Structure formats: C-alpha cells, structure tokens
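Protein chains: 2
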Amino acid sequence: MNNTYCIGIDIGGTNTDIGLVRDDGRCLAKKNIPTNMYFDVELYVSDICDRIRKLMYEHDIVTIEGIGIAAPMGNYYTGCIENAANLNFKGVINLSELFQQRLDVPVVVSNDANAAAYGELVYGGARGMKHFVMFTLGTGVGSGIVVDGKLVHGKSGGAGELGHAILIPEGRMCGCGRKGCLETYCSATGICRTALELMKSTPDYDGPLSKVSSDSLTSKMVGDAAKDGDSLALKVFEMTGYWLGIAMANAVTFSDPEAIFLFGGPVKAGDVLLNPVRKSFEEHLCFVFAGSVEIRVSELPDNDAAILGAAALVKAK
Amino acid sequence: MNNTYCIGIDIGGTNTDIGLVRDDGRCLAKKNIPTNMYFDVELYVSDICDRIRKLMYEHDIVTIEGIGIAAPMGNYYTGCIENAANLNFKGVINLSELFQQRLDVPVVVSNDANAAAYGELVYGGARGMKHFVMFTLGTGVGSGIVVDGKLVHGKSGGAGELGHAILIPEGRMCGCGRKGCLETYCSATGICRTALELMKSTPDYDGPLSKVSSDSLTSKMVGDAAKDGDSLALKVFEMTGYWLGIAMANAVTFSDPEAIFLFGGPVKAGDVLLNPVRKSFEEHLCFVFAGSVEIRVSELPDNDAAILGAAALVKAK
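Same order as they appear, the protein sequences are chains A and B. Taking the working numbering, the leading residue of the first sequence gets 1, the next gets one more, and so forth. Taking the working numbering, the leading residue of the second sequence gets 1001, the next gets one more, and so forth.
Worth flagging that the hints you see were computed from the coordinates, not collected in a lab. Remember, predicted model here, so these are calculated numbers, not experimental data. Take these hints with a grain of salt, some might be off.
[Claimed, not checked] Straight-line C-alpha distance at most 27 Å; calculated BS3-like pairs for lysine-lysine:
1. B:K1054 to B:K1030
2. B:K1200 to B:K1268
3. B:K1220 to B:K1179
4. B:K1179 to A:K235
5. B:K1054 to B:K1315
6. A:K315 to A:K130
7. A:K235 to A:K211
8. A:K268 to A:K130
9. A:K279 to A:K179
10. B:K1279 to B:K1227
11. A:K315 to B:K1150
12. A:K279 to B:K1179
13. A:K54 to A:K268
14. B:K1220 to B:K1150
15. A:K150 to B:K1179
16. A:K315 to B:K1220
17. B:K1315 to A:K150
18. A:K227 to A:K211
19. B:K1315 to A:K130
20. A:K130 to B:K1150
21. A:K150 to A:K179
22. A:K179 to A:K235
23. B:K1179 to A:K179
24. A:K54 to A:K31
25. B:K1235 to B:K1179
26. A:K200 to A:K179
27. A:K179 to A:K220
28. B:K1279 to B:K1130
29. A:K179 to B:K1279
30. B:K1315 to B:K1031
31. B:K1130 to A:K150
32. A:K130 to B:K1130
33. B:K1150 to A:K179
Just need the whole structure built from these sequences, with the hints factored in.
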C-alpha cells in the first residue's frame, strides 16, 4: 500500500470544504468551516490548516503531496485570490503564501471551473484524454479547457472564461456589463430568466411554475417541471439546449477536443436538457468535426466534485 | 557563420511556391511551379524536390533542417492533404511520405492559417510570445492559436477553425452549410457581401462601388473606396470591424492571449478597418481582460509570408 494523498479545498462564499483525497480519487473524509464568518484571513487560513492536520491525524497520514485550492477569482500563476466579489477578504490575498507559511507543502490555487476540469482529467471521465472542454453551469457559466493534457491558463490565468463569450451580439444584459454573454442564457440564472420571459409572453400558462414567485424560482424547479412534462418548462430547456449547443460547437472550432463535458446543477435535468443540447450541437458543429466529439456529463461524484477538482490541481504542477 | 536553413512550401490551388529560408527568417530565394497543371501527384512532388535541390545547389547548401508545407486541408498529425476541394489531387494524399521518399529530411505539413501563426511566432511579431491568436482574412477566415508557445492542433489537427465559429446564430448562409459563421462576415468575400447588401438597401448610392458589377467587386476595391472617404465603403468596414471585434473578444475568453494578430488582404485597408476593430474589441472584451491584449498586424513580409509560415513549421516539431 503506497498510496499518496492530497488536500482539496473548495472555497465558497458561505462554506469552505476541506477534503482528504487519496490518489485513486476517493475523498476519505471532509471537514468544513463557514467562510462568511471570517473577516481576518490569517485566522481563516489557520483554522483551515488546523482541520488539515486533524484530517491527517485521524487517518494516520504523515505527509501529503500538496494542497489544491479552488476559489472564486483564484489565480493559478500568482496563487492569489483577486478581488473576489463574494468573499469578506478584499483586495489581493496571497493564499498560496499564507498556507505555505503554516504547512510546508506545494499549494496550487485556481478558479472553480478550471479545478472542475482538472478533477475530470485526473479523477473523472476525462482520464487519459488529451483535449477536452468542460462547461460548468451554476449561478454563472464557467469553463476549463484542456489542450495536450494540460489546463490552458493563458498569459495571466484568465483562460477558459467561455461564460463571457458573446453568444448573441446585443443580446441579454450580463452582470459583466456587456450584452449577450453565454452565461445570461445557459447558467441556472439564465434558465430562470428564460422561464420568466416565456411566462410573460404566455399569459394563459397555468402550469406549476406559474405558482412560484419570480424571486423564488430556481432552475431545479424548471427542471422538475420539465421532467413532469410541463410544456413551458420543456420549451425553456429546448431553448437552453439550443444556445448551449452553439457555444459547444464554437468551442470545438477552437481546440478540436475529444469531448465536451457538462457539469453543474442544471445538467441534472438530464435528457430534457441533453437532448436539445445534442440536437443543437450536431446542427451547429462544423462538418469537419462531425461525429468526432463526445458530449459527456461529468463523472465526478456529486458531493465531492469540487474537492476532487481542487485536489487534482496539485497534479497540474 | 553557422546558419541553418529550411525549405518552406506554400501550396495554393494555382501556384506552388518553394522558398529557401535562413534561420534569421530571410527567404533567400524562391521558385514556383503551377499546381493546377499537375494531375499526377508523384510527378508534382518530384518536380518540387527538383526545385529544392536547385535552390540548395545555387546557394551552396548541403543540408537543410527540414521541409515545412502549408497546404489547404493539410494535417499536422498525419502529414496528409485530406480531400482538398481546390486541388487536382483527390482523396487523402500522404505528402509527408512522398517527400521523405525523395529527400530524407523531416517534413511537417499543416494548413495555411496554422502555418501563418507559426511563422509569426518564429519569424514575425510574436517572437517570444507564449499565447496569441492569429486571424487570417482571405477568401475565407482561418486562424491559428498558440498556447504556452505551441500551436494548438487538437485531437486530429482541426483546431483553430475560428472562421467557422458561429458569430450570429441564424445569420448569413455559409459555404459550410451552416449559418452565421464568422467567415461569412469578415472574409474578403464577406466584406464584398456586406458592400452588396448595403448598396441594395441604399439605392441612391452613386459612389465608386456602384460602378462595379457585383461579380467583379473585390474587398480591395471596397478598401480603396473607404480610404478615399466613400461613406458606404466606410460603413462596410465599420460593420466588418464590429463583427471581427466580437470574434476577437470571444477568442480572448478562450485562451487569455497576449495579443491578437491580423493577417491577410483585408487588413491592408489599415485604419479604416483597424479603428472599428479596436472600438468593437474594447466594447466586447470582458472586463477581466481589459487593457491586457494587444491588437497587432502581422509583421511577416508580404511576399514571403506563406513561405516563412511553412518553413517555421519545421521548428514546431
């Protein structure tokens, strides 16, 4: 038994999950602390290191290969979190340095979507692949791009921001200040937006979604309604799939990948989303790539996906 | 004087140019043969090899590093030309093998746009860059993408087909059978299409372009008219720049490059194209990349660009 171990840390606005990951991709144990209760980043990092030591102690592990951290606005090159809107820690925080001062092991920082893609490569369905693109659908749309077996970071760690590629010029207003970004259409938020627009233009609709206030509508509710055959909800996913299929076909023209992976809450809607995605992807894929690109759903286990992604970053160095 | 030398071959539908390139990026001499006069590929390759031997003999060169070949549908991985529409040689032609049987040196094959990007990296304005994207504007739109100092080829050599990324869903019909591809808007052909559309919707236009039959209109004529201040031609380039700026901003979300290079005939229109390109690019670039990406015009010398690109491929191995 010569297993090796990594720590994966998933920093969210509310919670921080810390997991002990064995080299076969099993997350052996997790701990968490409430991110939003901390205002002093030194204390925050110290408490995480305390949990790491406990995890190692409890599993009788003396050395770890390294620590991978997935964080909003996490930068692979600098090891910093840079002006993350949803965290109490403002400005530029050198996470990598703060951890290395306390635990002398390699520390790798990246953003959530890049970590997810790397998790898929190291522990998930992309094992052995050289070229793939992952789209992560959540509050926004993120992406991670693997070329020649390596994550594409770009000149300053900003590569893989396909959520902010413009899908429809002069289209929906985006939080980034521009119009028509992919994430205004295909994020969980975008799905709700489509549902609300459709309900507005279909005043006689009285299905399950009409009973929900616009503030409390979620993409899961739209997904559940679609699975139950609600025609408006099905139309929402048909439109979402149409848009996502175009974005996926466009990604193929860039890097000629073996597969496109989809990850995140909205993907759980299953075939009500995936069937229109497949249809649109085939229609919009340039003929030179026809039949050569798989559409895959992430194979990372739901509960541990973010931690596995973070832990996998250690293998990226 | 320890110079090394490569041969660069640019295969076009009409002519094949063969150049002797020194490692400082100077093309010392060229020869050419008429591609479309050959129907037997063995004879065609033999005649090219004969020109290569002559070039070497005339310059007293005994060894070359290798041969780089830029060809329509040229595949980097297989060394083949695959079903090129504009050549007499049909099916799959193993160019690399045909050359190696005659001249025992490394042979690298790729498509024109990838070769242009590599030429820029090895001999042009991208020297020393790790991340850039090149758009080549011609009859179509091609592109070449460099990540971490290497050309992105993808799983089967098809990467960098940004001319067939969909810019306007359900937009202009493209030769590839789909709608809204970038090249229907920003190629030389696309520029003429825009001019013809504008003239149709402006029946009282009587500027210089109205004197040209639609069959003989070229993007150069539109460029010349724009430089002379013709308002319709200026509007054409404003629209072209708007579209190209979006495509360039989208490419940035993929690979976070240091620069975007523009190459090809329409770029010679200069500021009448580049000013609208810059404006649109800035407007459509996601804020995280603001001010970080240069827009550059290719620095390869006009007459030798294709040969230098082809020769540079030898350095890609």
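Subject >> Hints that the structure is at odds with (numbers, increasing) >> reply: Violated hints (numbers, rising): 13, 14, 15, 16, 21 and 33; every other hint is consistent with the structure.
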